[in-house]
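So the protein lines, in turn, are chains E and V.
Heads up: the first sequence at position 13 corresponds to 1343 in this note's numbering, and the numbers run straight through without jumps.
Heads up: the second sequence at position 105 corresponds to 132 in this note's numbering, and the numbers run straight through without jumps.
By construction, these hints were calculated from the structure, which means they are not laboratory data.
Note that this is a predicted model, so its numbers are computed, not measured.
The beta carbon of each residue, even a glycine, is placed where N, CA and C say it ideally should be.
Possibly wrong hints are sitting among the right ones.
[As the list claims (entries may be wrong)] DSSO-like mimics (lysine-lysine), calculated; alpha carbons at most 30 angstroms apart, straight line:
id: 1; chain 1: V; residue 1: Lys-45; chain 2: V; residue 2: Lys-84
id: 2; chain 1: E; residue 1: Lys-1393; chain 2: V; residue 2: Lys-45
id: 3; chain 1: E; residue 1: Lys-1398; chain 2: V; residue 2: Lys-84
[To be verified] Covered by chain V, per the in silico footprint, the following chain E stretches (three or more residues, Cβ under 8 angstroms):
id: 4; region: 1350-1364
id: 5; region: 1369-1382
Residue strings, one per chain:
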Amino acid sequence: EDQVTQSPEALRLQEGESSSLNCSYTVSGLRGLFWYRQDPGKGPEFLFTLYSAGEEKEKERLKATLTKKESFLHITAPKPEDSATYLCAVQANSGYALNFGKGTSLLVTP
Amino acid sequence: EAQVTQNPRYLITVTGKKLTVTCSQNMNHEYMSWYRQDPGLGLRQIYYSMNVEVTDKGDVPEGYKVSRKEKRNFPLILESPSPNQTSLYFCASSSQGADTEAFFGQGTRLTVV
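Work out the full structure, taking the sequences as your base and the hints as a guide.
Written as structure tokens, this is what we have:
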């Protein structure tokens, strides 16, 4: 059975204090690993797709990396507007369903 | 603008009163799905559709129905809602081509009393 575990559950950072969020996964044949951002009361917003170990993608202050067992979302010099819940999901080769982790709630204070 | 539109955004109803939540996408995506999001449980898939007239159960299908008569629309039907279906619901769509990231609607907050 596919499993996705995100850590930490919650993270509080000072503005400018870089850190990383972790997503550990098990899946029988990975089609893709996805990162989403979710603001309170809103739908998840797509950030990145990673397809194979060693792949990296960047967008502004965010960088996602992938190994065979986990993915990291690195946040460099975060700003208060980066505060949100970050969700990781895996998609198996057998279908198109997304199996989500429970998310990391990030708070960046000025 | 590419988008997934859900209606209504908020709904309070009584136990047993049938309701439908609509979902429409304008990206010509083949794959559509419904998720519910509950505190501590994360997002869980209810039903999905691979294309018109092709639907299947997700992880938590009990108490829900869906239909896919047109490619753009994928309504979620609760024939006899119960309080344990109080939740935040999201519709999502994705392509089955090279880029399979899902696009989500804004959500429907349902309360069943």
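Query raised in the report: Honestly, which of those hints from before does the structure not fit?
Result: Hint check: 2 fails alone, others pass.
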